[in-house]
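Undergrad: Below are the chains, spelled out letter by letter.
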Amino acid sequence: MKKLTPKFIKSKNEARAWSLWVINYFTACGFMELLPWVGSGYDMERFGILATPTPRHADVFIIAGYVTRKAAKRIKMIYDQMPSPKYVLALGSCPMTGGMYWDSYATIKRIDEVIPVDLWVQGCPPKPENIGHAIVMAANAIKGGLEGH
Amino acid sequence: MTEETVSLLKSKFPDSLLNIVVKDKCITFSVKKEESYPILCELKDSGFDHLSDVTAVDYIDEQEFELVYHLWSHQTKVRAIMKVRIPRQSSAVSSVMALWSGAQIHEREIHELFGINFEGNPNLAELFLEDWEEIPPFRKDFDTRKYVKEQYYLEDEQYPIVKG
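Chains as they are written, first to last, in our numbering: chain A, 1 to 149; chain B, 150 to 313.
These are calculated hints, taken from the structure and not from any lab test. Do not rely on the hints blindly, as some may be mistaken.
[Stated by the list, open to error] Label pairs and their computed distance ranges (CB to CB):
id, chain 1, residue 1, chain 2, residue 2, range
1, B, Glu211, A, His133, 51 to 57 Å
2, B, Phe277, A, His149, 28 to 34 Å
3, A, Met100, B, Glu282, 24 to 30 Å
Every residue gets a Cβ at the ideal spot worked out from N, C-alpha and C, and that includes glycine.
Given the sequences, and given the hints that come with them, work out the whole structure.
TA: Given below as structure tokens:
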């Protein structure tokens, strides 16, 4: 196979960075702060981001809110269905540390025990501005050659 | 309407009604375990056609569970709350699905979270939990924090544990 030229790789990364399709997994308040981005207020489509109804078309997996043990299995199933390269965003304290459910018997405390996470967005819940910052950071990282999983 | 219901129950079950409180079209009372099903049948016949909720309380000091039935009458707009104590060890009670089929999901939930067995309920499979091997988590002798630390946090406290 012919080796890809650096120019081609650069344009490939550029194209990938600005056409991220996302599949959302949300259980709670974490997603409420993402909604302004879905609507026309912040409008994530101007960054080329679209919400897909199926993980098989998705590049980015956004996990918002606490993750129960039962949900973690479903998250793994969704993640496994996504084609490579895939990127994972975890929104809010809950997927990071358990958040306010840190002593709940039912929630898992760190989502990266289940699937690898590329970007953590802090906050309880994170503000829409934080999410926008994360989206631009992710896009820039992908443009810079972040390969995903 | 509340007085009529109370007097009807008192006439039919003179010895078994305890701690009757009537307030704002709401009747609250406790009954003995043996009389609970006949009383629920009587309440159903006297117009309480809606079962709002079934909940359970764990009185671990007295080694008893308390089941709380919330009933509602659409005709008279009267609420009835019936409490029945059952022993904690052999916690089996007959299902009220024959009276209100909506009790199925409440009983399934209580069975999962408290371990109370409802005889006659055809499906008491796990509802919210999955692969649960401990004692039911809403029982008072289930130490949530100990379980969480063992299950989710490492020995060397690699994860930040909030002391409390």
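Undergrad: Any hints from earlier that this structure breaks? Give me their numbers in increasing order, please.
TA: Violated: none.
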